[in-house]
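First to last, the protein sequences are chains U and W. Here the first sequence stands for residues 128 to 583, where the numbers follow our numbering. Here the second sequence stands for residues -4 to 605, where the numbers follow our numbering.
Note that these hints are calculated values from the structure, not bench results. What you are looking at is a predicted structure, and each value in this text was computed from that prediction instead of being measured. Honestly, I wouldn't trust all of these hints.
Now the stretches of chain U that chain W is said to cover, found in silico as 3 or more residues with beta-carbon under 8 Å [stated by the list, open to error]: (1) 140 to 149; (2) 330 to 344; (3) 452 to 462; (4) 466 to 472; (5) 485 to 491; (6) 497 to 509.
Cross-link-like lysine-lysine pairs, in silico, DSS-like; alpha carbons within 25 Å at most [said to hold, decoys possible]: (7) U:Lys164 / W:Lys18; (8) W:Lys210 / W:Lys171; (9) U:Lys456 / W:Lys18; (10) W:Lys101 / U:Lys164; (11) W:Lys601 / W:Lys293.
Note that the Cβ used here is the ideal one computed from N, Cα and C, for glycine as well.
Listed below are the residues making up each chain.
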Amino acid sequence: MSKQDSKSGINFDGLTVLLYLALVTIGLFNIFAAVYKPEMHHNFLSFSLGSTKQLAFFGLALVLIIIIMVIDLRAYEAFAFPIYIVMISALVLVLLVGSTINGSKSWFMVGGIGLQPAEFAKFATALALAKFLHAPRSQNLGFFGRVAWFFSEQIFGLSRIGLGIPRRALEKLDTYIIAGIIIAAPAVLIIIQGDAGSAMVFGSFVFVLYREKIIPHWVLLGGFSIAILFFLTLILGVKNLLIGILGLTAIGLLLFRNMRSRLIILLGTILIIGFVFSVNYIVYNVLKKYQRQRIMLLMKPIEEKDKKGQGWNLFQSKVAIGSGGFAGKGYLQGTQTKLGWVPEQSTDFIFCTIGEEHGWLGSFVIISLYLVLLSRIVTIAERQKDTFVRVYGYSVASIIFFHFAVNIGMTIGLFPVVGIPLPLVSKGGSSLWSFSILLFILLKLDAHRKQVLARN
Amino acid sequence: MNDSRKWIILGLFTATGLTFLIKLFMIQVLASEYKIQADINAIKSIKIYPHRGMIYDRNGDLLAYNIPVYDLMVDVKKVKIKDTLAFCNFLNITEGQFQKNMNKAKALARTSRHPVAFLKQISHRDFAKIQDRLIDYPGFYAEPKIVRSYPHKSLANALGYIGEISKKTLERDTTKYYQQGDYIGISGLESSYEQYLRGRRGIKRVYVDARGNEKGQYKNGRYDTASVAGQDLISSIDLKLQQYGELLMRNKRGAIVAIEPSTGEILTMISAPSYDPNLLTGREFSKNYGPLAINKNKPLFNRAIRSKYPPGSTFKTVQALIGQQENVIAPHTVFACNKSLVKCHWHPTADLQRSIQHSCNPYYFNVFRRIIYQNKLVIDDSTTTVTKGSDGKIGFKKWRQHLLSFGLGAKTGVDLNNEKAGNVPSLSFYNKRFGEGKWKFSNIYSLSIGQGELGVTPLQIANYATVIANRGHYYTPHLIKGIGKNKEKLAKYKVKHQVTVAPKHFPLIIEGMQGAVLAGTVAPHAIMPGVEICGKTGTVQNPHGEDNSVFIAFAPKHNPKIAIAVYVENGGFGGVLAAPIANLMIARYLKGKTIRPSTEKIVIEKSLIN
Chain U
128 MSKQDSKSGI
138 NFDGLTVLLY
148 LALVTIGLFN
158 IFAAVYKPEM
168 HHNFLSFSLG
178 STKQLAFFGL
188 ALVLIIIIMV
198 IDLRAYEAFA
208 FPIYIVMISA
218 LVLVLLVGST
228 INGSKSWFMV
238 GGIGLQPAEF
248 AKFATALALA
258 KFLHAPRSQN
268 LGFFGRVAWF
278 FSEQIFGLSR
288 IGLGIPRRAL
298 EKLDTYIIAG
308 IIIAAPAVLI
318 IIQGDAGSAM
328 VFGSFVFVLY
338 REKIIPHWVL
348 LGGFSIAILF
358 FLTLILGVKN
368 LLIGILGLTA
378 IGLLLFRNMR
388 SRLIILLGTI
398 LIIGFVFSVN
408 YIVYNVLKKY
418 QRQRIMLLMK
428 PIEEKDKKGQ
438 GWNLFQSKVA
448 IGSGGFAGKG
458 YLQGTQTKLG
468 WVPEQSTDFI
478 FCTIGEEHGW
488 LGSFVIISLY
498 LVLLSRIVTI
508 AERQKDTFVR
518 VYGYSVASII
528 FFHFAVNIGM
538 TIGLFPVVGI
548 PLPLVSKGGS
558 SLWSFSILLF
568 ILLKLDAHRK
578 QVLARN
Chain W
-4 MNDSRKWIIL
6 GLFTATGLTF
16 LIKLFMIQVL
26 ASEYKIQADI
36 NAIKSIKIYP
46 HRGMIYDRNG
56 DLLAYNIPVY
66 DLMVDVKKVK
76 IKDTLAFCNF
86 LNITEGQFQK
96 NMNKAKALAR
106 TSRHPVAFLK
116 QISHRDFAKI
126 QDRLIDYPGF
136 YAEPKIVRSY
146 PHKSLANALG
156 YIGEISKKTL
166 ERDTTKYYQQ
176 GDYIGISGLE
186 SSYEQYLRGR
196 RGIKRVYVDA
206 RGNEKGQYKN
216 GRYDTASVAG
226 QDLISSIDLK
236 LQQYGELLMR
246 NKRGAIVAIE
256 PSTGEILTMI
266 SAPSYDPNLL
276 TGREFSKNYG
286 PLAINKNKPL
296 FNRAIRSKYP
306 PGSTFKTVQA
316 LIGQQENVIA
326 PHTVFACNKS
336 LVKCHWHPTA
346 DLQRSIQHSC
356 NPYYFNVFRR
366 IIYQNKLVID
376 DSTTTVTKGS
386 DGKIGFKKWR
396 QHLLSFGLGA
406 KTGVDLNNEK
416 AGNVPSLSFY
426 NKRFGEGKWK
436 FSNIYSLSIG
446 QGELGVTPLQ
456 IANYATVIAN
466 RGHYYTPHLI
476 KGIGKNKEKL
486 AKYKVKHQVT
496 VAPKHFPLII
506 EGMQGAVLAG
516 TVAPHAIMPG
526 VEICGKTGTV
536 QNPHGEDNSV
546 FIAFAPKHNP
556 KIAIAVYVEN
566 GGFGGVLAAP
576 IANLMIARYL
586 KGKTIRPSTE
596 KIVIEKSLIN
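Could you build the full structure based on these sequences and the hints that come with them?
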């Protein structure tokens, strides 16, 4: 699929296109497997099936890709904010006139097909953030950008006020706030729609901000440490964890002889112990019972009484995947997914079909494909000289990673059950189109990077 | 610096992927519980109960057959009932019943891997009403079963009944065939021929979806086992004769056993009073069993094989045969009817043949004494044991040995499980009671006329009637003459047993028996003109009221087709009630009709149960 045009210097990234096609194809076959009923002997192309619909969605995705390829690359940067504002408007509009499916009012029904503006808000936000971080100052912002900049300066204009704080620091604070608003605005609207899972995706922009040095190391690593400590508290219990922490502290004190290091170690120990106790207190005394249950479900092996209640989806999902064994039961041979033991098996729980029918090997292939795709996108992002494309590239990688991590994590009990799709594989037009747009805008921008160079 | 951030991000991505692969390896490759749970989820084993073998009488009349019913089974873990009241209305049960059954099912489910029944034995008609909507209640499904049904009200004690296997029986089952909830023959033929009747249960494995609907065979039925239908049985019972006998025994306590002498096949086995076998089938069982069990007339007690009755004077036939075999008497031997030894009634002086015809008690007092003392007694008419060169023990042992060869004192081996052996007292019994060697003839002389410690079942009495009819041999009496397609009977019922009395000693006794019927102890109205019957009456003292009435007979005299024993508790003199019943039965069997309707009427109307 690598397309080369020496004249124009267009150079598509063939590997990414291949990975894209591979994942979509795997998705189609597994959606067919998920909806397949052994007793019905229907063929692949009967339109009543989800898989055939998905094939049609893929056809439309190809049309979208061609449109993306045809549009002048400068348009993406130029219209980044207008697109963003259109999408924000759509998110507001869906709150007013949208249809409610599965408890969230986030669908436009167009000719029997549901469109989820939240899905398209992702690439719009990515473009807007890229545009903003590329040129945080008011120059090069275009008309809409200047309007936005004007308002933000009037409202937040910290850098104008001064207050005796160094100008650079205030400018940095402005950047935080505006970047934060760009990311949070759609997320808040989506939460209002009642789709917390999709809203959480916008949290993935933290990787972009980290890469752009807007977020320092310690925030990212500290955040991860806190998350790990949180789970350790629940898994091990306060007593065991304290023994472990004190043991590590003792080893640290023995290894580091100078006073300063020892003080840091002791201070760290006290902070960690304080955190552990507060986690314990919050989980057992502040959280409501059902919230606690949802978290605890991940920690402890499911008990008999939970098999019917809270943990049923999670349990059945693990049963389906776990029963796949090393090599799987074979294509269309899964029992758990075929017989309706797994909920949402063609959409959010599509990984169960893969795990059951293709086993650990199949899971390995899928996970590897995602990791290769992610590292390829990062590589593409890093090879850009243009901040706009780089930020956009990292946004694409972050969004795909977040979906990948949360979706598979929830099916195997490493993350609470949050209903978001597996990128390019789960059934659903909006999701497929959204990820296709995300990916192919990047490929379009990347294909023209020499031109971008030339332009600059 | 930028580069390090790139690597940290890529590192996080990769770490996440690796964490997933490790976790997946744990649940997919290392753990087994998910695979087990997947099978529990999706594969259901359905027991297929085979058709239980039917039972026919010797003429092809149906005695036992099956009615399909359904047990509503429940998988407690899968139950989701939103509206209990609607569910109760649907099944037509009360909420209390629902709670009771549900708690019971839950308790059972904790200890058993097998599905448990929620509601048992729903009739075909009731099931049709709920069948279609059952799908709305996950966890519930129907399992087809059978209940036994008996088209006639006869033969209950011999047929027995089936019921759900008890915990005790389940634990004792070394074959591991039975499972909780299975039905098993509990008594009678249903029990003794269980392994032929039951067939073999099949297992069908099917996929079920999360709602409990069946979704096709598991692995194309590769692991399914077909059920094998039980084998039909052909009984030796003649249903018409059985029903007739039951009619004659109406309102009486006692038993009738009739045997075809040439084969040992039991034509009739009546224990009176009896019950309608349908009272102990299916759901009726729990309602009816209690009252039947405590009824003072003991309808559940199969008197024909379990009652130990003294045989009374019918036993004189056997005594006469043993005496001849032991060479202590001869056809011409005459004893005076000395009523000081034992009571007797008036009759002409008797030789051996006439002693049978007139049932002379002193005659058999002497015969028995000669048997015991091997005819070496010096002082003939004394009850004291004055012996010279004789040993009572040897004689007693020989006598007992002869009885055992007649099938007395031990189980006959009839094809019913709870047969009693009866009692032929042994030497050690008297030694224990009176002290080693200290017992005298006066202690045991009651045995001479079939009383005292002697206890025999009506089946055993009928069996020695058969031996006499056959002039010295018998086949172990049995109720089933054909099993399965080939209609083979069990090998043990084809073995001819020769008794220890030589055939040449029989004709004289038979002559005596014929005389007893024509001009002896049998009441005139019991005589059936045109049927050559040989019989012997018995009247047994009963400490609980009126004497018991006994009669043995066979007919015709040559090539006998039927041998019969009739025992009527409190029936009075044997010739008056037991003999007419036997003769009516014989006439009905041989002639197919009632020869003396007036006698029949008297017998039927006679009531000995108050």
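Evaluation of the provided hints:
1. As drawn, the segment 140 to 149 of chain U meets chain W at 0 residues by the rule of a beta-carbon pair under 8 Å; below three, the given contact is violated.
2. A stretch counts as covered by a chain when three or more of its residues have a beta carbon under 8 Å from one of that chain; for the segment 330 to 344 of chain U and chain W the count is 5, and the coverage holds.
3. By the rule of at least three residues with a Cβ nearer than 8 Å to a Cβ of chain W, the coverage given for the segment 452 to 462 of chain U holds, with 3 such residues.
4. Judged by the Cβ-Cβ criterion of 8 Å, the segment 466 to 472 of chain U is covered by chain W as claimed, because 3 of its residues qualify and three suffice.
5. Here's how the segment 485 to 491 of chain U fares: 4 of its residues keep a CB closer than 8 Å to some CB of chain W, so the rule of at least three is met and the hint holds.
6. For the segment 497 to 509 of chain U, the stated coverage by chain W is satisfied: 6 residues place a CB nearer than 8 Å to a CB of that chain, which reaches the threshold of 3.
7. For the hint pairing Lys164 of chain U with Lys18 of chain W, the CA-to-CA distance comes to about 30 Å; that exceeds 25 Å, so the pair is violated.
8. The straight-line distance between the Cα atoms of Lys210 of chain W and Lys171 of chain W is roughly 30 Å, outside the 25 Å bound, and the hint therefore fails.
9. Distance check on the hinted pair: Lys456 of chain U and Lys18 of chain W sit about 19 Å apart at the alpha-carbon level, within 25 Å; holds.
10. Taken as a hint, the Lys101 of chain W and Lys164 of chain U pair is broken in the structure, with Cα atoms around 33 Å apart against an allowance of 25 Å.
11. Restraint check: the Cα-Cα separation between Lys601 of chain W and Lys293 of chain W comes to about 19 Å, which is no more than 25 Å; the hinted pair holds.
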